[in-house]
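Use the sequences and the hints to build the structure in full.
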Amino acid sequence: MGIHGLAKLIADQAPGAIKENDIKSYFGRKIAIDASMSIYQFLIAVRQDGNVLQNEDGETTSHLMGMFYRTIRMLENGIKPVYVFDGKPPQLKSGELEKRSERRAEAEKQLAQAQEAGEAENIEKFNKRLVKVTKQHNDECKRLLTLMGVPYVEAPCEAEASCAALVKAGKVYAAATEDMDGLTFGSPILMRHLTASEAKKLPIQEFHFNRIIQDMNLTQEQKYPVPEVWLYKEARQLFLSPEVVDVDSVDLKWNEPDEAGLVDFMCGEKQFNEDRIRNGTKKINKSRQGSTQGRLDNFFKVTGSLSSVKRKTVHGKFRPALMMSLPVPGPLEDVPSGEQSMTKETSCSGPFNDIMSGSEPMEEDPSASTLNDYTSFSGLQSHHI
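Numbering follows UniProt numbering, in which position 347 of the sequence shown is assigned residue number 347; successive positions increment by one, without gaps.
Check before you lean on any hint, since a few could be wrong.
To be verified - Listed below are the simulated PhoX-like cross-link pairs for lysine-lysine, each with C-alpha atoms no more than 25 Å apart in a straight line:
#1 Lys200 with Lys8
#2 Lys253 with Lys142
#3 Lys286 with Lys142
#4 Lys201 with Lys19
#5 Lys19 with Lys171
#6 Lys24 with Lys168
#7 Lys132 with Lys88
#8 Lys142 with Lys270
#9 Lys99 with Lys88
#10 Lys171 with Lys88
#11 Lys30 with Lys286
#12 Lys200 with Lys19
#13 Lys270 with Lys128
#14 Lys283 with Lys201
#15 Lys109 with Lys132
#16 Lys8 with Lys128
#17 Lys253 with Lys283
#18 Lys283 with Lys30
To be verified - Derived DEER-like restraints, expressed as beta-carbon distance ranges:
#19 Glu121 with Gln237: 38 to 44 Å
#20 Arg288 with Glu121: 40 to 46 Å
#21 Glu221 with Val247: 20 to 26 Å
FYI, nobody ran anything at the bench for these hints, they're computed from the structure.
Idealized CB from N, CA, C, for every residue including glycine.
Shown next as structure tokens:
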């Protein structure tokens, strides 16, 4: 659906709720991705000659190429993606779906006029308006993801709602979609531009729900007055109590890719280049070798915020401090499992091109410090550990 102007409103009224990161910052993160939105992006992408990607039989294959290479890029950067597919649309959305059908019919007329007049720009614009993600597109992408060893979830209703439920349940770090609906469903963290073309060089945006409602002095239930004839109560419940996947039944597993199956499907059936598919499979396998490495912040309990901690001076340079609680290990027999955890307050600081291109190696910042460089216990003095 999308909410026009919401991103700009948040940027104006709660800029501190938006953070921008590079894709490399999400190493080790599990992220729920709105599959339909991603597939739509791949379908509207056009080649340099102005046409969508097709095989010799005239079948559109843009969605498969996009899903294959963008997913590989995420895996290479240590991200564990899980795609969430739409189920049935909510009943309250039936009127909007009818309007979309009317707009699509109008776009067909305008496309015919643009083609007759030879207006290339309008031809491209109206072609995009006619793009629709079909059941076949979804089924082919599900088959591809299974062969790649990447999990997917089938939502009972809207994908954004189930993405938000997975985040709230702690199954994943964030919900990734270009629609801002994820926030109205209460997703603690919403990501945009994760699956955008690397050539656009768009930074990944994080929208933090709790910070938004805090800075804007709102709650999820609040809104501006609306006409009485509008079914606002029903619409509100659509977001507050949406039909979502049973998160307790979701078991996310990232498996080894089926190279033979990928070659059979992508090359034998869809006529992709075999060398490229096999090379992509090698990249998936290589990414799995490094996927067992955890994130540093998984080993710490954050007890403060970056914005609330004073900057520390180390070796004559100002560096931001992050307050964390570190467990102090002792003999195993002295500490019963799950009990008695002594902590010390620790301040530590440290350090997209075309969809078919590989990831460049991450350059090390010589000025960045690591956890082993210095750790300040209780703010008293520095130690080297």
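Verification of the hints:
| no. | hint | in the structure |
| --- | --- | --- |
| 1 | Lys200 with Lys8 | holds, 20 Å |
| 2 | Lys253 with Lys142 | holds, 15 Å |
| 3 | Lys286 with Lys142 | holds, 22 Å |
| 4 | Lys201 with Lys19 | holds, 16 Å |
| 5 | Lys19 with Lys171 | holds, 21 Å |
| 6 | Lys24 with Lys168 | holds, 23 Å |
| 7 | Lys132 with Lys88 | holds, 15 Å |
| 8 | Lys142 with Lys270 | holds, 15 Å |
| 9 | Lys99 with Lys88 | holds, 17 Å |
| 10 | Lys171 with Lys88 | holds, 23 Å |
| 11 | Lys30 with Lys286 | holds, 18 Å |
| 12 | Lys200 with Lys19 | holds, 18 Å |
| 13 | Lys270 with Lys128 | holds, 23 Å |
| 14 | Lys283 with Lys201 | holds, 22 Å |
| 15 | Lys109 with Lys132 | holds, 17 Å |
| 16 | Lys8 with Lys128 | holds, 24 Å |
| 17 | Lys253 with Lys283 | holds, 18 Å |
| 18 | Lys283 with Lys30 | holds, 19 Å |
| 19 | Glu121 with Gln237: 38 to 44 Å | holds, 42 Å |
| 20 | Arg288 with Glu121: 40 to 46 Å | holds, 44 Å |
| 21 | Glu221 with Val247: 20 to 26 Å | holds, 22 Å |
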